[in-house]
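S.K.: Using the hints, put the two chains back together into the complex; each one sits in its own frame.
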Amino acid sequence: MKVSLFITCLCDIFSTNVGKDTVEILERVGCEVDFPELQTCCGQPAYNSGYLKDSKEAMKQMMRAFRDSEYVVGPSGSCVGMLREYPEVFAGDPDWEEPAKELAAKSYELTQFLVDVIGVVDIGSTFKGRVTYHPSCHMTRILGVKDAPKALLQQVKGVELVELPIAEDCCGFGGTFAVKHAAISEQMVSEKSQHVSETNAEFLVGGDMGCLLNIGGRMAREGKKVEVMHITGILNYRQ
Amino acid sequence: MSIKIGNAPFESRVQDGIKNDFMRKAVSSAQGRFRSGRLVAAEELGNWEEWRTLGEEIRSHTLENLDYYLEQLSDEVSKRGGNVFFAQTAEEANEYIKEVVKKKEAKKIVKSKSMVTEEIGLNHALEEVGSEVIETDLGEWILQLDEDPPSHIVTPALHKDKGQIRETFAVKKGYDKSDRPEELALFAREQLRQEFLQADVGITGCNFAVAESGAITLVTNEGNARLATALPDTQISVMGMERIVPTWEELEVMVSLLTRAAVGQKLTSYVTSLTGTRLEDEVDGPEEFHLVILDNGRSKILGTEFQAALHCIRCASCINVCPVYRHVGGHAYGSIYPGPIGAVLSPLLDGYDDHKELPYASSLCGACTEACPVKIPLHEMLIRHRQIIVERENKAPKTEKMMMKGYAKWASSPAAYKMSTKVARPALKLWTKDESISSGPGPLKGWTDSRNFPAPSKQSFRAWYKERQKGGSYNGNPK
Ligand code: SF4
Numbered sequence: 001m002k003v004s005l006f007i008t009c010l011c012d013i014f015s016t017n018v019g020k021d022t023v024e025i026l027e028r029v030g031c032e033v034d035f036p037e038l039q040t041c042c043g044q045p046a047y048n049s050g051y052l053k054d055s056k057e058a059m060k061q062m063m064r065a066f067r068d069s070e071y072v073v074g075p076s077g078s079c080v081g082m083l084r085e086y087p088e089v090f091a092g093d094p095d096w097e098e099p100a101k102e103l104a105a106k107s108y109e110l111t112q113f114l115v116d117v118i119g120v121v122d123i124g125s126t127f128k129g130r131v132t133y134h135p136s137c138h139m140t141r142i143l144g145v146k147d148a149p150k151a152l153l154q155q156v157k158g159v160e161l162v163e164l165p166i167a168e169d170c171c172g173f174g175g176t177f178a179v180k181h182a183a184i185s186e187q188m189v190s191e192k193s194q195h196v197s198e199t200n201a202e203f204l205v206g207g208d209m210g211c212l213l214n215i216g217g218r219m220a221r222e223g224k225k226v227e228v229m230h231i232t233g234i235l236n237y238r239q
Numbered sequence: 001m002s003i004k005i006g007n008a009p010f011e012s013r014v015q016d017g018i019k020n021d022f023m024r025k026a027v028s029s030a031q032g033r034f035r036s037g038r039l040v041a042a043e044e045l046g047n048w049e050e051w052r053t054l055g056e057e058i059r060s061h062t063l064e065n066l067d068y069y070l071e072q073l074s075d076e077v078s079k080r081g082g083n084v085f086f087a088q089t090a091e092e093a094n095e096y097i098k099e100v101v102k103k104k105e106a107k108k109i110v111k112s113k114s115m116v117t118e119e120i121g122l123n124h125a126l127e128e129v130g131s132e133v134i135e136t137d138l139g140e141w142i143l144q145l146d147e148d149p150p151s152h153i154v155t156p157a158l159h160k161d162k163g164q165i166r167e168t169f170a171v172k173k174g175y176d177k178s179d180r181p182e183e184l185a186l187f188a189r190e191q192l193r194q195e196f197l198q199a200d201v202g203i204t205g206c207n208f209a210v211a212e213s214g215a216i217t218l219v220t221n222e223g224n225a226r227l228a229t230a231l232p233d234t235q236i237s238v239m240g241m242e243r244i245v246p247t248w249e250e251l252e253v254m255v256s257l258l259t260r261a262a263v264g265q266k267l268t269s270y271v272t273s274l275t276g277t278r279l280e281d282e283v284d285g286p287e288e289f290h291l292v293i294l295d296n297g298r299s300k301i302l303g304t305e306f307q308a309a310l311h312c313i314r315c316a317s318c319i320n321v322c323p324v325y326r327h328v329g330g331h332a333y334g335s336i337y338p339g340p341i342g343a344v345l346s347p348l349l350d351g352y353d354d355h356k357e358l359p360y361a362s363s364l365c366g367a368c369t370e371a372c373p374v375k376i377p378l379h380e381m382l383i384r385h386r387q388i389i390v391e392r393e394n395k396a397p398k399t400e401k402m403m404m405k406g407y408a409k410w411a412s413s414p415a416a417y418k419m420s421t422k423v424a425r426p427a428l429k430l431w432t433k434d435e436s437i438s439s440g441p442g443p444l445k446g447w448t449d450s451r452n453f454p455a456p457s458k459q460s461f462r463a464w465y466k467e468r469q470k471g472g473s474y475n476g477n478p479k
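Protein chains in written order, with UniProt numbering: chain A, 1 to 239; chain B, 1 to 479.
These are calculated hints, taken from the structure and not from any lab test. Be careful, since some hints might not be right.
The calculated SDA-like cross-link candidates involving lysine to any residue, where the alpha carbons are at most 25 Å apart (straight line), are [stated by the list, open to error]:
| no. | chain 1 | residue 1 | chain 2 | residue 2 |
| --- | --- | --- | --- | --- |
| 1 | B | Lys173 | B | Gly163 |
| 2 | A | Lys150 | B | Thr275 |
| 3 | A | Lys60 | B | Ala416 |
| 4 | A | Lys146 | A | Pro45 |
| 5 | B | Lys98 | B | Lys108 |
| 6 | B | Lys173 | B | Ser213 |
| 7 | B | Lys422 | B | Lys395 |
| 8 | A | Lys56 | B | Ser413 |
| 9 | A | Lys180 | A | Glu163 |
| 10 | B | Lys466 | B | Thr448 |
| 11 | A | Lys180 | B | Lys429 |
| 12 | B | Lys418 | A | Ala220 |
| 13 | B | Lys19 | A | Val179 |
| 14 | A | Lys53 | B | Gln307 |
| 15 | B | Lys418 | A | Phe35 |
| 16 | B | Lys395 | B | Lys458 |
| 17 | B | Lys458 | A | Ala220 |
| 18 | B | Lys160 | B | Glu147 |
| 19 | B | Lys433 | A | Glu85 |
| 20 | B | Lys103 | B | Thr275 |
Stretch by stretch, here's where chain A covers chain B in the computed footprint (C-beta under 8 Å, at least three residues) [what the hints assert, rightly or not]:
| no. | segment |
| --- | --- |
| 21 | 288 to 302 |
| 22 | 385 to 397 |
| 23 | 410 to 421 |
Bear in mind that the values here come from a model prediction, so they are computed numbers and not experimental data. No residue lacks a Cβ here, since even glycine has one placed at the ideal position from N, Cα and C.
Chain B with its partners taken away, still in its complex shape (with noise of 0.2 Å):
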């Protein structure tokens, strides 16, 4: 997998979420557990617009100085005995961690959740070498039984309801027992306690590597991080460039920012601390530990007017409030990063060609930016890249850039516009049937095929107002 998932044109996937009413009925109720839960967790905080101040603050400061934490980082890293790899691309990432793997001759290998691992491929990548890879993240283990793309960054199974993961168990692993979820947890569990316990290699993301001790710091809701690090003898960690924080202190902030953002829980069950490897007197942790920090892409946004975007923490708050991914469900998206954010970054990572329609596919309601810990205006990102698939890229449509032509010439002539206000009624009279309209022409169609739209008033405002000028009234309602 890559950032981009699938073929089908957006139009049909957009459909297919519309009409998936199971995926709908699970987003939408989760999207409501997720959004008291963050009221409530940001109320408990208190002052929570100071502490999005301070997020972004710390964000801002980190990506600035990014060369400089990225050295340290790396030195602190070395200093207790990791290795450290930057992966220009995809390929280079997942060619080190492959020859990592082969040089272990590791034969099975558990992963923790981690999106930057999905973003360059790397499961299908360590496949190709004849290792066998196991997701141990809930979701993501029922979505690699599934061979289904994540739909959430967050919980990437959350398209799923547990009539279906019951229905996926018992096909793929021979579940015999009921929907229950503290069933299927458990049932989950024992089988990946097994694979654990026989892992040659760890593999995780990382939510934040602290810059001035080296530590990849990880938060699971399930600790499932914690025994893929601490179990198998070799650990890698890969992490986006960008995700890191300058110290312990810093780390702190955005992790009550991302906990309480993600779930609206003060504390994710789990945060796990890894530095470097095992020393002598430690009774686990790896013996040796690889840091790949991958760029593909990330530098090329760092000084452009998107260098906010990679503030994101990936707590996926923008995703949980945004009613257009209520609707269209995550695989609609067709990239790995759906919702707000993927619509922001997919075409700064990979480009405009396969994510042109994403910056679209928003209603500019502003509850992502609203939303977001870090303060990203992700609206008005949303506005600028289509601001540059118009101007730069060229890729509207043809009819549209004339009616914006058009537009242009109406609004920029008074006299134009003046008799527009005359002609409005007369114009669509044909299609006017008691004030109303139920089937119009042209761009109005996609309007009324769902909902009626005004006719033009008898007599437009300021018609009236030069009327009234000359001693006219209103007499709309009962004075």
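With the rest of the complex left out, here is chain A (with noise of 0.2 Å):
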């Protein structure tokens, strides 16, 4: 199977073994990858802070990207919710409604794809440790990925899951809004941090980069010594 990967831009910068776990992983399960070059970044950040034409112009670019790709695959709940929210925002543009649904139509967030198009959940993965996962919002809520990602840790050898308190509450990132709300942020990343720390847990994982970052910065900030992870650098751990 032929799988373009979306790095998406933070993953591309900061996090940047997050896609090559990512490009290990989608080999180990028989996939041939390529990286389209041309892709750029998916268009939430000026999305949803009302810019509407501006952000067509870096959705235009990844639609320009992937017209090629047979699947695109990205680790991040978030950004593959936006790739799959193209047709509406280019709906009856005569020039770009096609590429928005084709591109929609073939692109998976990670684990959506091993578990749903691949029909895997053990890839022979060994971790140890005590984890515990953060369901990201656009990932459960825009892009309707809720069991994929615990279905797989599950099979991780070595891997003891807990449960999150008040799992589903966001953390605080939303983009912009840990920016320009950082008050609000910071009281929502605390309570995230608050909850984790009640887990025990040695490790926090999930599937967007940018909550990611958001809770382990805070935790970080507070001197605390849990280890955060997206969850591809544990797919991708074998011992």
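M.R.: Right, dumping it as structure tokens:
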């Protein structure tokens, strides 16, 4: 199966290991991976801030970048969720409605792709540790991916998975929200950090790097020792 | 009071909220109760998603045919001896009600809880003509004694704890007992019963008006609406023009959704339906009945992309699950309609000038949309509001606009983008220590005031990928 990696700008620049792990995981389950270099950012920062026109520029670039791809797979529920909304954004646009529909139809978040398209839950990983999982809002509510990440984590040998209290609550990231309304965002992320502490987990795992940088950044500031990892870090781990 | 409450700027209201530990504890524990209550009630009902779809269908059908149902409602109310008044604005509604009250020479008016009368500032208007208005919902009564605006649309005094309530009763009404909720409630009930008996006019809101029968339905926890409608001789109900259902059958569905979504009850304690004036063989009910149907900006929403906001049945589910609301409280919104629905509705009804911050007071987590029993896409509407604020109202900050222009250039040019992956790290080098930024420049500062930000990686992913194609490898994890 041919898969184009959608790296997301955050993982391209900041959390590059997520991309490396994603490539290796996809190859391990038998995919032929390529990386279209024309890709940039999904458009979400501008779209969610109300800059429709500016966001469309980014979206068009993404449609150009992935025009020839069979599948587009990315390690983020939020960014893939954005791709899936392109058809609504370009509804009625004679030039872009079709490409938008095409891209949305072939785009998947990584865990969703593994479980729903490839049909695997056990990819032979081993990882020792007490892990709690934060289901990011856009992964679950926008993209509708609720079970796949947990199903995969449960199959990792050595992982002790513990429930995060009120897991579905937003961590306060929300893209530009974290900067624009930093004071409110701080309250939200502090509460999330508190919930993570209550689990006594050594590792906090999630499928969206934005949320993880937010929670991890807060916990580091609070001097907490919990290690924050993208789910790909665990799925690509073998001891 | 009107839709807007207070004049403090948004940021300072938020700070007030965040610093108010009392309020936050009260709100947080209430949210916890509501949340689990709602989930249990929804599960007991079974097929919650199908119920939501049904609720949405009923609401959108009704709104699509609003003219027809309003006319039917009006005819039915008139047939049963009631008077119907269509008010375009808050002022028109208040004037009409003042006239009725003046004609009756009413000294005392009892009111059951109603957001729409808050919206038009009715109490204030009635005091102008010298009538005493008494709120009979416990929460509303507390707020009235305290001259405090509501902070929640179902439990208006949610921000107060029992100690504060005891204090209010003691200062305003000479209460001298404990702060046990039962004792407080008993005291309130005794006080309010007296008022009911002496009242000349009863005023209520309306949860749903049934078009086919002209019945006004009120859903309450305390049964005070029943008294407010049964005892006084003159009855006035005020309703938003969208609060209508075609028949009793749809009413049943909507009440089921409302009570479960609101507080997780199968049925709120009291569902009261009021049909016209007292008939010869009836023992109670009003001699005179007025129905005031309020537009106040609603018809402007019809036919727009925001029409679904009029589907709202004021259950407060979206408020009860909202993490922003939990941390800042209802008053921070500066509108009698707080939380996600308030952030959607306030600018629509009352303009962007006073409410332009509200659409941004959300992380767009979508918890509201998921909870809404009539499936209003609340977080999408917030984005739409932001678009209007940026593009039509031109109210966005200049620096933000410039940044977004820059963003568009960056994200539409692979070359510029690629360059940024190279220069991000050196650009932030000054602020970087141990691969982490703890006090960042410009817009990063908001973030780094309370949390660390990572330094850009030494090598971007795309650079690594290029190398890998030439035979490089990834050695991040033990294999
Ligand atoms: S928007 Fe939906 S959830 Fe919020 S109060 Fe209205 S009906 Fe309830």
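S.K.: Would the hint linking Lys98(B) and Lys108(B) be met if the CA-CA limit is 25 Å?
M.R.: 13 Å, holds
S.K.: Decide if the proposed pair is consistent with the structure: Lys103(B) and Thr275(B), CA atoms, cutoff 25 Å inclusive.
M.R.: 23 Å, holds
S.K.: For the pair we were handed, Lys180(A) and Lys429(B), check the Cα-Cα distance against 25 Å.
M.R.: Between Lys180(A) and Lys429(B) the Cα gap is close to 24 Å, so the pair holds against 25 Å.
S.K.: For the pair supplied as a hint, Lys150(A) and Thr275(B), confirm whether the alpha-carbon distance does not exceed 25 Å.
M.R.: Violated - the C-alpha atoms of Thr275(B) and Lys150(A) are around 54 Å apart, more than 25 Å.
S.K.: Compare the distance between the alpha carbons of Lys418(B) and Ala220(A) with 25 Å, and conclude whether the hinted pair is satisfied.
M.R.: The given pair, whose Cα atoms are some 30 Å apart, is violated under the 25 Å limit.
S.K.: Given the hinted pair Lys56(A) and Ser413(B), is their Cα-Cα distance within 25 Å?
M.R.: 13 Å, holds
S.K.: Check whether three or more residues of the segment 288 to 302 of chain B sit with their beta carbon closer than 8 Å to a beta carbon of chain A.
M.R.: Per the Cβ count (0), the hint is violated.
S.K.: So if I understand the rule, the pair passes when the alpha-carbon distance is 25 Å or less; does Lys466(B) with Thr448(B) pass?
M.R.: 33 Å, violated
S.K.: Go check the segment 385 to 397 of chain B versus chain A for me, would you? Three or more residues, Cβ under 8 Å, otherwise it fails.
M.R.: Since three or more residues must qualify, the claim that chain A covers the segment 385 to 397 of chain B holds, with 8 doing so at under 8 Å.
S.K.: Does Lys395(B) pair with Lys458(B) here, judged by a C-alpha cut-off of 25 Å?
M.R.: Violated, at about 39 Å.
S.K.: Taken at face value, is the distance from the CA of Ala220(A) to the CA of Lys458(B) at most 25 Å?
M.R.: 21 Å, holds
S.K.: Taking 25 Å as the top limit, are the C-alpha atoms of Lys173(B) and Gly163(B) close enough?
M.R.: Cα-Cα ~15 Å, so holds.
In this structure, the earlier hints numbered 2, 6, 7, 9, 10, 12, 16, 19, 21 are contradicted, and the remaining ones agree with it.
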